[in-house]
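Protein chains in written order, with the working numbering: chain A, 1 to 219; chain B, 1001 to 1136.
Calculated directly from the structure, the hints in this document are not laboratory data. Among these hints, one or two may not hold up.
[Stated by the list, open to error] Far from chain A, by Cβ distances over 12 Å, these chain B residues were calculated:
#, residue
1, K1005
2, I1014
3, E1044
4, W1080
5, S1106
6, F1118
[What the hints assert, rightly or not] Facing chain B, from chain A, some residues (calculated, C-beta under 10 Å):
#, residue
7, T3
8, Y111
9, A116
10, Q117
11, D119
12, M126
13, R132
14, I133
15, P135
16, S160
17, R163
18, E176
19, S179
20, E180
[Unchecked claim] 30 Å max Cα-Cα, derived BS3-like pairs, lysine-lysine:
#, chain 1, residue 1, chain 2, residue 2
21, B, K1126, A, K152
22, B, K1092, A, K186
23, B, K1025, A, K149
Here a beta-carbon is modelled for each residue, glycine too, at the ideal position from N, C-alpha and C.
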Amino acid sequence: LKTKLLYIEDDVVDVLALKRVLKDYQDIELAVCASFNELQNLDLSDYDTIISDSNLADANYTKLKRHMGGLANVQFVSGSGIAGEPIWLKPINKENIETLFCFRSVMDLDYIENLAQGDADFEIDMIETALRILPERLDEMKKSIESLKDLKLAAHRTKSSYRVCGIDATALNEVEEMSEIDFCNKVQLEALLKSIYTTTTKAISELETLLLSRVKKKN
Amino acid sequence: MLASKKILLLEDDIVDVMTVKRAIKQLNIVNELVVKENGEEGLEFLRNTAELPGLIFLDINMPKMNGIEFLQELKKNEEWLQIPIVVLTTSKDEQDKLHTFKLGISGYMIKPVSYELFKEMVATIKNYWNFSEHSY
Chain A
1 LKTKLLYIED DVVDVLALKR VLKDYQDIEL AVCASFNELQ NLDLSDYDTI
51 ISDSNLADAN YTKLKRHMGG LANVQFVSGS GIAGEPIWLK PINKENIETL
101 FCFRSVMDLD YIENLAQGDA DFEIDMIETA LRILPERLDE MKKSIESLKD
151 LKLAAHRTKS SYRVCGIDAT ALNEVEEMSE IDFCNKVQLE ALLKSIYTTT
201 TKAISELETL LLSRVKKKN
Chain B
1001 MLASKKILLL EDDIVDVMTV KRAIKQLNIV NELVVKENGE EGLEFLRNTA
1051 ELPGLIFLDI NMPKMNGIEF LQELKKNEEW LQIPIVVLTT SKDEQDKLHT
1101 FKLGISGYMI KPVSYELFKE MVATIKNYWN FSEHSY
C-alpha cells in the first residue's frame, strides 16, 4: 500500500527538504506540483494526502484554500504561520509526516477484486463477510487478553481475513506478532491490541464505505 | 480427477472458505466441495463417506483437532493415505511446513493463495488422478 502524497511547493529547497524526510518512508509516493497553474490541471482525488505551501508565486493562501476547499486531506505549510489557521511551520519534520498517516487508506482490495474478476455480487459478499468477521475477531482478541494461548489463536484466526482484505501491512505484522508471541507481558500485549484495534476499526469504516460504493455501482 | 470425487476442505474461517469456493468456481471444477470446520469433523466425514474424497485442503490452526493432529490420525489408516492433501495455512513457520510434509502432504500453500498458484496446485492433483486411473 503506497500513500500518494502531493506536495504543492514552488521552492526547490523545501521540496528537497521534504524528500529527505520522506527517505525513511518507503510506502509514501511523492508527487510535486510547483504552481497554481499546474495544480488546476490535477485531479486531486488521485492523492491520499496533500501538503501545500500557503503562498505560491501565482496563488496566495486564500486562492489555494478556495481551490481545495472541502478536501479533508489537505495540510498547509508556511515559513511564518498564519494567525488562527492550523498551518504547519516549515521545515516539515517526521512528526508532521506521522500525523499524515491518519489520512491513509488501510485497505487494498486487490486480492478480492482479482478473485472476483468483475463479479460485483462476490465482491459485495466478501466485504459483507469481512464486516461481520472483523469485529468478531477483535472481540475474540480482547476477551482472550488473559490467556496467551487463546490470544494467539484469536490473532492467528484474524490473519487470514487481514490478508484477504488487504489490510495495512503494519497492522498485519502486528497481528502476526501477536499470533506468535511467546511472552506474557500484559502491558505490551495491550499496546499491541490497541494498535490492532485502531487499524481494524479504520478498516471496518473503510469497508463500510466500499460496500456502499459497490452496491451503488451494481445498482 | 474424476468428477464424482469430492473435495474435502477442512477450514474454520468463513473468509477462507469463500475464497477457496470462488477459486474452484473460477477453475470450472465441478467436483462437490465438502466443508468441515475441524479435524474431528473431517475424520468423521472420512469414516462415514461411501467414497473417499479425491483431494483434501487442510488448514493447520483449527479448534478441537488441528491440521497436524488430523494428519497423524490419517496416517493410521492405509486407505486414507492415498488421498492427496494440500495444506492451506497462514503459518510461515518452517517447522509446520516440515512437520506436515513428514506426515505425507502433497502441497503447502500460504493463505491467501494466489489464483495462479491455486490453479497450478489443482492441475497437479488432477494429473495425479489421471495417472492413477490409467494405472489400473
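Violated constraints from the hint list, given by number and in increasing order:
2, 6, 7, 15, 21, 23
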